[in-house]
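Undergrad: Residue numbers (this note's numbering), protein chains in the order written: chain A, 20 to 309; chain B, 20 to 309; chain C, 20 to 309; chain D, 20 to 309.
Source of the hints: derived by calculation from the structure; they are not laboratory data. This structure is a prediction, so every number in the text was calculated from the model and none was measured. Keep in mind that a hint or two might mislead.
As the list claims (entries may be wrong) - Pairwise CB distance ranges (calculated):
1) Asn140/A <-> Pro113/C: 43 to 53 Å
2) Pro276/A <-> Arg106/B: 38 to 48 Å
3) Asp279/D <-> Asp299/A: 26 to 36 Å
4) Arg181/D <-> Ala24/A: 50 to 60 Å
5) Thr69/D <-> Gly45/B: 47 to 57 Å
6) Asp279/A <-> Thr229/C: 40 to 50 Å
Stated by the list, open to error - Here are the computed lysine-lysine pairs in the DSS-like style, where the Cα-Cα straight-line distance is at most 25 Å:
7) Lys191/B <-> Lys263/B
8) Lys263/A <-> Lys191/A
9) Lys263/D <-> Lys191/D
10) Lys263/C <-> Lys191/C
11) Lys263/B <-> Lys263/D
12) Lys263/A <-> Lys191/C
Stated by the list, open to error - What the simulated footprint calls covered on chain A by chain B, stretch by stretch (three residues with Cβ under 8 Å from a Cβ of chain B suffice, anywhere in the stretch; the number is not a length):
13) 135-148
14) 185-197
15) 281-295
All residues carry an ideal CB built from backbone N, CA and C; glycine is no exception.
The primary structure of each chain is shown beneath.
Number of protein chains: 4
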Amino acid sequence: MSRLAGGRYGKAEVRVVRVGRAAAPGGGDVLRDWTVSTSLSGDISASYLTGDNENVLPTDSQKNAAFAFAQRLGAVEPEAYALELARFFVDSQPPITRARVAVDEHGWDRVGTRAHSFTRNATLTRRTVVVHDETAGTSVISGVADLVVLNTTGSEFWGFPRDEYTTLPETKDRMLATEVSATWRYRSLDVDWGSAFTAARDALLEAFATTYSYALQQTLFAMAEAVLAAVPASCEVRLRLPNKHHFLVDLAPFGQPNDDEVYFAADRPYGLIEGTVLADDAPAAGLAWE
Amino acid sequence: MSRLAGGRYGKAEVRVVRVGRAAAPGGGDVLRDWTVSTSLSGDISASYLTGDNENVLPTDSQKNAAFAFAQRLGAVEPEAYALELARFFVDSQPPITRARVAVDEHGWDRVGTRAHSFTRNATLTRRTVVVHDETAGTSVISGVADLVVLNTTGSEFWGFPRDEYTTLPETKDRMLATEVSATWRYRSLDVDWGSAFTAARDALLEAFATTYSYALQQTLFAMAEAVLAAVPASCEVRLRLPNKHHFLVDLAPFGQPNDDEVYFAADRPYGLIEGTVLADDAPAAGLAWE
Amino acid sequence: MSRLAGGRYGKAEVRVVRVGRAAAPGGGDVLRDWTVSTSLSGDISASYLTGDNENVLPTDSQKNAAFAFAQRLGAVEPEAYALELARFFVDSQPPITRARVAVDEHGWDRVGTRAHSFTRNATLTRRTVVVHDETAGTSVISGVADLVVLNTTGSEFWGFPRDEYTTLPETKDRMLATEVSATWRYRSLDVDWGSAFTAARDALLEAFATTYSYALQQTLFAMAEAVLAAVPASCEVRLRLPNKHHFLVDLAPFGQPNDDEVYFAADRPYGLIEGTVLADDAPAAGLAWE
Amino acid sequence: MSRLAGGRYGKAEVRVVRVGRAAAPGGGDVLRDWTVSTSLSGDISASYLTGDNENVLPTDSQKNAAFAFAQRLGAVEPEAYALELARFFVDSQPPITRARVAVDEHGWDRVGTRAHSFTRNATLTRRTVVVHDETAGTSVISGVADLVVLNTTGSEFWGFPRDEYTTLPETKDRMLATEVSATWRYRSLDVDWGSAFTAARDALLEAFATTYSYALQQTLFAMAEAVLAAVPASCEVRLRLPNKHHFLVDLAPFGQPNDDEVYFAADRPYGLIEGTVLADDAPAAGLAWE
């Protein structure tokens with residue numbers, strides 16, 4: 020015999036674009052370009068067991084609400100939007116006791132001082148995930164993804180153990196590149212989301228650039244601590260850093276030097292370093308990472 | 020103050036291809052085409068805190084071991100390979116107390132009866148994740164991904180609640196399509212991995228095809244139960260089913276009928292249904308899903 | 020001063036799915052899953068020069084026609100569909116003198132003998148491009164893409180020139196893998212499109228598998244000739260074959276042999292071999308490859 | 020009977036990263052991040068017909084040369100690099116009469132004023148293709164790809180013909196977004212490549228932002244003319260502009276207004292507008308676009 024041990028359902032990747040007409044400081048438009056995913060859970064097991072949809076608010080309705088809330092709330096920060104949307108589902112649908120709303124924000128830059136023209140800024144993706152649970156309360160995590168950074172020097176790697184499969188030479192100078200996926204958990208809901216995001220992003224960049232690195236792990240920890248320091252409202256940081264290997268090309272067979280000038284950028288495989296850093300006084304995470 | 024609350028590191032996406040020369044029944048070659056990712060944890064905090072790599076077996080060594088074990092073990096099932104590789108890291112590196120080895124297997128079909136020629140079979144990706152922990156023991160999960168299936172009829176959706184954002188009409192006949200991501204946990208390590216995989220895959224397909232569906236949730240549960248029934252060695256099934264919407268195109272403006280014949284296959288957004296089904300006598304999951 | 024030297028416009032990647040209910044031999048459903056792109060040209064320069072759209076049939080209308088023709092024509096071969104749709108645009112819009120219709124067909128297999136259930140067969144993508152021009156006439160090219168094939172032996176590479184940048188050793192036995200993009204041009208419009216496609220695909224596979232290869236170029240030529248031989252209605256074949264390198268892994272540092280058993284499948288860079296083979300009596304290509 | 024009507028071969032997507040140490044104005048590093056593809060043709064038919072590789076410089080050697088030239092030339096503009104590399108192949112290999120070298124340059128920004136730290140700037144990809152032919156001479160085309168731009172207003176679409184499949188309403192105000200692929204051909208090889216690229220890119224952006232648009236075709240022509248005007252060394256511009264549809268969401272069923280504020284960003288299908296604009300005094304293109 021078996022049983023349903025967990026379930027949730029929703030609409031994924033709703034492409035919501037919200038223009039705040041003349042809403043920018045100085046009068047130009049604001050552009051919020053979001054990929055929104057909603058997911059509901061609660062008393063929904065009948066749909067799994069018998070196909071009874073009495074408690075299943077259609078995912079199409081969730082999509083409609085995602086658009087309607089974007090209109091009603093204005094071109095707000097994604098965290099503020101996700102909070103309102105998550106609460107709406109739980110408050111308005113009695114069988115639904117938990118909602119998860121995830122927003123990926125795609126960046127745009129104004130073209131010079133023009134009010135209405137934009138170019139896509141793909142430097143990073145801004146992310147947030149709100150979980151609102153009737154019993155466990157509400158959590159907000161935010162983060163960045165797709166942020167690729169590189170130091171041309173200031174990185175070593177040596178002193179590691181050598182087993183029978185170890186052929187890697189030690190190095191006192193290497194290129195270090197990674198694609199930052201960072202997520203931080205907030206202590207409360209009383210946060211200036213935009214400023215906090217900017218501070219966290221800047222702290223990540225600054226820590227990556229200024230940490231003299233003996234291991235990507237060390238850089239990871241420094242980046243996480245920098246976020247905690249720059250954003251007092253944050254209490255936990257999770258980082259996932261692929262080591263995007265840049266191998267120095269051996270030009271000696273062609274009689275040429277290569278004084279840390281020419282590299283082969285490898286695709287796969289890549290190192291992958293993960294870590295979680297927690298403030299000593301962090302409240303329990305609850306459902307934040309579900 | 021803050022602290023490292025969790026960390027692991029390894030080599031991701033090592034592209035290992037193992038030919039079993041004349042190893043097939045009847046004498047042709049066997050081709051194992053794998054993307055292997057290894058990840059180690061244990062007494063590694065010094066690398067995060069100070070860049071001391073004394074306990075950090077290089078990810079490059081992990082990659083070398085991934086290739087070396089493929090040679091030594093032969094063209095075996097991916098679960099058998101992952102088990103050996105995970106145990107090796109923990110057994111040979113005292114500071115390492117846990118290893119996670121994930122293998123994606125990409126399918127190939129022999130061209131007719133030819134011994135040495137293959138075509139890529141991209142119908143699905145076979146997956147396995149082994150976690151071997153010095154204390155918590157060893158777990159194996161296996162699964163399929165990228166398996167796209169479709170029923171041209173035999174699916175309804177009605178009887179759902181309607182809120183102020185609900186405009187979806189009820190339907191007594193719709194096309195149902197999804198891309199199956201399914202993972203099942205094994206009760207033990209004493210399993211005929213190849214047969215179990217085939218039985219699980221066939222059960223998923225058969226349950227999808229034969230379940231008259233009032234909700235994709237219902238289809239999901241039926242598919243999970245079918246795996247548990249077909250593979251007694253499995254005790255838990257997790258499914259993630261995107262509802263790949265196919266919308267009937269309204270041809271009335273052009274004076275044409277559309278009797279369930281012409282559909283628009285939408286990309287985004289899509290419904291997303293998730294569920295976990297557990298055998299009543301399932302042992303605790305431990306670290307299997309980490 | 021400058022001038023418009025060429026222009027065309029249309030709707031790209033319309034996702035048309037056509038079910039032929041009970042249309043298969045034996046009674047099950049037929050599934051045509053297409054990505055359709057239309058492109059029109061003719062007397063359309065005003066839209067470029069002044070934004071005058073008098074002659075610009077909207078791309079939205081082209082999309083609607085793509086769906087409507089799928090209904091009207093039934094679950095026909097993609098070449099037959101593309102021909103009708105291309106003629107329609109030119110015949111019905113006087114300023115439009117040329118239409119190009121491209122169809123990518125995504126494969127599906129019936130699940131066993133079930134009438135209504137399918138699994139996606141991603142072994143290859145079937146392609147066709149029809150160009151219909153009021154003056155130059157009508158051409159049909161068809162092809163395959165995404166077809167990945169591999170020989171575990173039967174390939175050598177030696178006897179090449181060596182310059183100052185050459186370090187590659189000669190080899191008398193290597194693995195040979197490629198992702199076939201092949202396109203063939205038909206001599207006429209009086210063709211059994213389905214049979215011709217099957218014959219061409221089978222000829223490509225057979226030639227790849229049976230050609231003992233001293234260069235991927237040689238395999239390419241053999242594959243092209245095989246299509247011309249198998250499909251008398253074809254008169255020109257274009258092939259694009261990436262050399263998907265599989266490098267033998269050096270396991271000697273670990274004291275292990277590697278008798279052509281363990282390979283690293285590289286992503287980038289890759290060799291890329293292109294070629295066009297023409298029947299001696301091929302009619303002029305006209306606009307077929309535009 | 021059939022014959023080889025065309026062939027070329029080379030190495031595709033070599034990932035070359037060149038650091039110019041302290042080479043930036045002011046002393047920081049310069050980072051050239053390139054994906055380089057080389058392709059050779061000439062007296063190479065024997066490799067296709069019989070597998071005789073006597074004239075086939077290995078693609079591996081081409082790759083090595085790509086790295087070696089990056090070292091020797093320094094962190095130069097991609098056009099300068101491609102010219103040198105193309106000439107080398109033709110000059111050094113008598114059977115090779117033509118070389119095509121394509122470079123995609125991936126952007127990086129310095130982190131503040133730091134000398135060694137960079138973030139990936141994915142706003143656009145810079146491209147160049149050099150064709151050097153023993154007989155036909157040398158051509159350079161350059162361009163941008165992946166540049167996504169959007170105007171929140173200033174675009175209309177009306178006055179188009181209506182056929183039986185036309186349901187699209189006319190609009191006097193719509194959002195206009197596209198992903199710019201632009202390529203321009205140079206008249207000569209005596210060009211300041213860096214300045215020309217910047218001028219062309221700025222002209223594209225400015226023309227997109229300032230053209231009041233009655234058709235994306237009109238915007239395309241304006242963008243092309245702007246490049247010709249801003250870069251006197253250019254003589255031909257080719258543009259490919261997908262119309263990335265943003266559909267105004269109908270919120271009326273929910274009792275909400277939508278005054279050009281909330282849009283659904285569609286993936287597929289999309290309009291696709293192509294055009295070529297030629298200076299009246301443009302020299303013949305020769306092999307530039309091969």
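Undergrad: Taking the numbered hints from earlier one at a time, note which ones the structure violates and give those numbers from smallest to largest.
TA: 3, 5, 12, 13
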